[in-house]
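Top to bottom, those sequences are chains A and B.
Just so we're aligned, residue 1 is where the first sequence starts under our numbering, counting upward by one.
Just so we're aligned, residue 449 is where the second sequence starts under our numbering, counting upward by one.
Please keep in mind that the hints were generated in silico from the structure rather than gathered at the bench.
Glycine included, C-beta positions come from ideal geometry on N, C-alpha and C.
Simulated DEER-style distance windows between Cβ atoms:
(1) B:Glu-522 to A:Glu-432: 34 to 40 Å
(2) B:His-479 to A:Glu-432: 55 to 61 Å
(3) A:Arg-73 to B:Pro-811: 46 to 52 Å
(4) A:Glu-361 to B:Asp-788: 55 to 61 Å
Stretch-level coverage of chain A by chain B, calculated; a stretch enters the list once three of its residues show a Cβ under 8 Å from a Cβ in chain B:
(5) 137-149
(6) 178-188
Number of protein chains: 2
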Amino acid sequence: MYKRYWDEERETMPREKRAKLILEKIKKQLHYVYHEIPFYRDLYDRAGVKPDDVVTLEDFTTKIPVVKKSMLRESQEQHHPFGNYLGANLSPIVRIHGSSGTTGKPTFYAISQKDWDHVAEVHAMCFWAAGIRPSDRVHLATHFSLFIGSWGSLIGVEKLGATAFPIGSGETDRQLNLLWHLGNTVLISTPSYCLHMLETARHQGRDTANSPLRMGIFIGEPGAGIPATKRAIGEGWGISVADCATTSEMTPWTTNCECEERTGMHVFNDAVYTEVVSKDNPNEPVPEMTSGGLVYTHLERESQPMIRFWSGDESRMTNEPCACGRTYPRLPDGVYGRLDDMLIIRGANVYPSAVQKELLEVPGTGVEFRIVLEKKGHLDHATVQVEYNPVYYNNIPAHELPQQLDALQKAAAVKLKNATGVRFDVEVLQPETLERAISKAKRVFDHR
Amino acid sequence: MYKRYWDEERETMPREKRAKLILEKIKKQLHYVYHEIPFYRDLYDRAGVKPDDVVTLEDFTTKIPVVKKSMLRESQEQHHPFGNYLGANLSPIVRIHGSSGTTGKPTFYAISQKDWDHVAEVHAMCFWAAGIRPSDRVHLATHFSLFIGSWGSLIGVEKLGATAFPIGSGETDRQLNLLWHLGNTVLISTPSYCLHMLETARHQGRDTANSPLRMGIFIGEPGAGIPATKRAIGEGWGISVADCATTSEMTPWTTNCECEERTGMHVFNDAVYTEVVSKDNPNEPVPEMTSGGLVYTHLERESQPMIRFWSGDESRMTNEPCACGRTYPRLPDGVYGRLDDMLIIRGANVYPSAVQKELLEVPGTGVEFRIVLEKKGHLDHATVQVEYNPVYYNNIPAHELPQQLDALQKAAAVKLKNATGVRFDVEVLQPETLERAISKAKRVFDHR
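Excised from the complex, chain A in its bound form:
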């Protein structure tokens, strides 16, 4: 029998006690970044704030300005190649990775030896909570190149003591053969690549619901937190699904991760302090269970530490106890929106993830979809292309299919209109018409 927690004292600590520790770590980080890192000194001097102005956690939220991705990009352009926020007096930089975008110049992440050791520990703690054990054989199907999520997951698995099979993404047919051959028990991938694997496995004639897999951890994209996607993956593979989401600037600390109770993501906030704040004002905290923007702070990182990083992700947080006994807060609905990727269609705010959620709840839809936006005259015109699910229509006589798909199209359009307030033209496509993501999916094509 394995122990229940990776680090029981840490994970089940009374909240008030942990809050004190967090505050101490925050104060220490503020002094460190103000005195050693030009980027932060400039930022705080311009904002007229000093580390000692922070006496409470509330001070931290209300007084310290946020860091945005664009500021990091600008800093790296001016201070080649790691920006002026690398951090001084470092232990050696042992790894360089970058943002995963495949176009343009990535932002670079430089990680010190001390930090890399921490990364392993925190990942192991989170993956243990999600349910990985040393007896597991873990199939890592994310690309091992710039994308840091792959590397952070790998050292987490190593530290935890499970067996790692870091095969990477792509060559899906072969990958599935190896998965079955080796009897791998846990899958780590993006949700979109997992759905692609599922489809490919069905083509190979495999009984996917009886694969060797017993669980999956999903990173790199939101999606596994959306109930319908979670169900598609979970039922398709016959596995338990753990959502695990953060943002690459904060990785390799995977500090948002579901426990075995699957009650939403726990926020391991003594490693990365996580706040939910007003969407309009990052210095304004919002009450529990109010939707807002996620702001993250590295409490244990010396190299390129992010202090109040504005992730652009939308979520809500609760302190409601979890049956697992961990005393960390939770994001019960996961990360369900991108504030920065939010689409404005004829004045309405629409999240692509919300469209995904609605579509997947319409019986008969497949897993892939696209949102295509165009201008017709002065007006926005929105189309959703969605494949139908061939399994669902398996027993329908061929001559009845067109009529059924017509009904599917109408149902989806109504559902989308009700949920988003926007009228979408829905096009129902043949299965496997749309290109599959082997890494992160691109699903919005905005031609306006």
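Please arrange chain B on chain A, whose structure you already have, making use of the hints.
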């Protein structure tokens, strides 16, 4: 200033003293594999040999049967998935990788925690000898998937304390941009991918001889030991070239590696005991500097240990002292032939690497070539397709080029005939006609 050796006592030990240590390790391994690993017990029982029959190093060579790749493949087919040579009483298996072949079912390598720790140490020692230092930024351009060479190199770089940039192979344009942007100082790749990078960088209009790189370590294929290839890489990039070759069954122990003197590969034979034996009889040692087959033995591996593994590689060994002060033997000409890949063309033995060597020595040839074998009637017909090097013919007026290429074709045919005894039809191709390898090159097309 950095120290000269990674582990001075170990690397400069008197030979006789090391021989005693090696013999002790061999005896221990023989007892371990005979008593704990069915594969070896069967093998030795069939050969009528017992661990205690080995009293000297010569006994080991003359009495212990070799292991061949086909035996491992067969064992894995019968004992799913790791064969009956995995090893008992192991510390947990932490990694699974496989042979790099992209067709068919790979052989799987399972590595224990204890072994994985050793791997890092030995790789660091070898890479230190080759000249990597903690101040280096190492560009790892090999595919991170099954191929274990990538992973072994990475943990070597990490252990050594340099900064690793494990970008993988492919997306060459982007990769070169990142190499220059980050100012990476060391390249690790296959020789063929390095040559492809060189060509691509020239296309981008880069001054390759003044790149940020200062050295390269070449793995996965022989090639960097061939003087002409070494020169093409070294002069093209303006770097120092270190050859580093072993075989995937023996990795992740990269124990054949050039030191900074570049006098051929040192054999770190207290980690992997390395013998050169008769090509026809693996139990017959050959004298120093006599060409023979390389046979390897893991002295420090508990998971899937190879005891007298017949690599199929051809080389010769010397104990001639090296100016670096290391007392390990050397393979002064690297690994220059594959006994198992040897081609028989009209009765003559021809190594593809020998063809490569000859071609590259003809002024005007480019880096890529193919050997195409066909039957014409009852006879073998051999063609070599080789690109010309556009840089070499840069200043030749266009109307003279055909004549020059004609001369090139004749010179290559004569040289190949003289060296191999086989008449090759030489076809001179336009630059960049032949497909480039992003991992290992396939250069023989045997249609007989």
